[in-house]
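Residue numbers (numbering that gives the first Met the number 0), protein chains in the order written: chain F, 0 to 492; chain A, 0 to 120.
In short, the hints are calculated from the structure, not lab data. Do not rely on the hints blindly, as some may be mistaken.
Cβ-Cβ distance ranges computed for the label pairs, FRET-style [stated by the list, open to error]:
hint, chain 1, residue 1, chain 2, residue 2, range
1, F, VAL11, A, HIS77, 41 to 51 Å
2, F, PRO277, A, PRO74, 32 to 42 Å
3, F, ALA378, A, VAL27, 18 to 28 Å
4, A, LYS34, F, PRO277, 31 to 41 Å
5, F, VAL18, A, LYS55, 32 to 42 Å
6, A, VAL70, F, ARG25, 33 to 43 Å
7, F, ARG447, A, GLY106, 51 to 61 Å
8, F, LEU38, A, ALA115, 22 to 32 Å
Output of the computed footprint for chain F on chain A, the stretches with three or more beta carbons under 8 Å from beta carbons of chain F [said to hold, decoys possible]:
hint, region
9, 2-9
10, 22-34
11, 39-51
12, 58-71
Note that CB positions come from ideal geometry on N, CA and C, so glycine has one too.
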Amino acid sequence: MIAANLPALQVVLPLLGAVLCAFLRRGVYAWGVALIVSLAMPLIAIGLLIQVLDSGTISYAMGGWKPPIGIEYRVDVFNAFLLLLVSVIAAVIMPYAKRSVEKEIPSDRQAWFYAIYLLCLCGLLGMAITGDAFNIFVFMEVSSLAAYTLIALGRDRRALLAAYQYLIMGTIGATFYVIGVGLLYSMTGTLNLADIASRLAGIENSRAVLAALAFLTVGISLKLALFPLHVWLPNAYAYAPSMATVFLAATATKVAVYLLLRYFYTVFGASIIFQDLPVSNIFLILSLAAMFGASIVAVFQDDVKRMLAYSSVGQIGYITLGIAIANLTGLTGGIVHLFNHALMKAALFMAIGAVFYRIGSVKLDDLAGIGKRMPITMAAFVIAGFSIIGVPGTVGFVSKWYLVLGAFEQGWWWLAFLIVASSLISVVYIGRIVEVVWFRPVSAAAKRAEEPPLSMLLPTLLLVAATVYFGIDTSATAGIAGRAAEWLMVGVK
Amino acid sequence: MDLLQTIVSHYNHWIIIFLMVSGLYIVVARGNMIKKLVGLGLFQTSVYLLYLSPGKILGGTPPILSPQFTVYSNPLPHVLILTAIVVGVATLALGLALVVRINEAFGTIEEDEIFAGEEDK
């Protein structure tokens, strides 16, 4: 009974949890509910992944209405992997959240914070699991509206501005997405993704379908912060509460990347996207612009959270580069970087969140010498930072390795060179933090610092350990990413 | 003549495009945060029409089965747009709430003044 209804539970549990949190009103109880729900999520996702690996794609008729009339929840290798990623991150950050939220959110708003967080989780999981184009829009808005609110709860008044800007940009993106879906619907008369794909055969090159593709691509690219549509991201990450930054940086953009791949490969089909249209070239140029442009901007930031936010834009460039390379190895690299970047960026933002917890600032000057006061946290930060650079033995190396191999397979040796060159820029900004944190005299602000409580330290260390573990034993992540990439490539019509 | 006919017979699309572009223009060109939200609302509303207008069949009736009628309009776009309207209302409400908070925190809702004020510090 439960096993058959796992796809529904994955989305419904956080939704019910959110309502319960809103009723409880006390921060601690709400945290308890959010913790239980978040811990249940990976169990469900693992259950789904095992079912998918055993018996292939799961099709779940929501409410008993058979697809394509009803809404279908469709779980395959690729989105089972993504569901696992999102729910594991959600589970790992919950123990961390308690102290961080107590410090940063006024006590009368803590329960609301957890309610909104669960809504955001519900939206992200829903976007990943549903097989219905319009349902994706609804979940997209559930997660986005929740994300705007999470960001606006930041202490700094500029958090409000960041949330407002994100709301404007995000809504434009979502509306572009609906326009695309509307055009597809008027051409095919169906909203089920698999059904749309089969009915598109023969009319792929009609103007309405191409317009739909353009609207969908731009809309989703706004959500995934593809350069130059990333302007909402740095401020949003910089001023949001630490816990919200960790969660959004690790999951929100990743789900948007998933949507893009889903539309490119399983709906429109790779042959139109990559052979008839210059999508590959456009993504190549934009990815390179992100990898270099955003990374260079990151070097000049004085606020560490902003620096890491710009680094995120650059790292998203590597993921989209995997899409642009468009062969099996490159796509594997992109998908595995999706997973790896979530791990390492969550670890980095958690370490910085712990610093904020102790000294109430993330300005680079205030962090001077803090390595001597918080050695474990800062060591964790350095290891995760190495992963961003792509040092062998960390996950960052694995994904870049696949991307470079993919570039060679395509005969683009110059691209392999550019991937390495852009990594050198991340050496500069990560190196800048490492230098300040470890080799400068202890600043006035850092004098008060000490290691964060265990509830914050352990989740951070767990993620850092994962970045090292999956950097050495790549069979789990790269294996599943490879299967997902193969599955997407086989779906090519 | 053919071209003119095509243009006139697709008048619903011209209305949609006009609303869409003017909404987007207001979002981009206006510095006042409330006006931006109005533009955003206009932009979203144009999409409702994009869905609804092809769903209506001339001479079609509401989709209630009856032996007297054979031509029915498609009800699905209406259902979708009801959902989209709810989403639009929620977005607008959240946007306005943010503007209220911004006004409390900064004392203005003009983007230029806010950014100028931020740079002074």
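Which of the listed hints are broken here?
Violated hints (numbers, rising): 1, 3, 6, 7, 8, 9, 12; every other hint is consistent with the structure.
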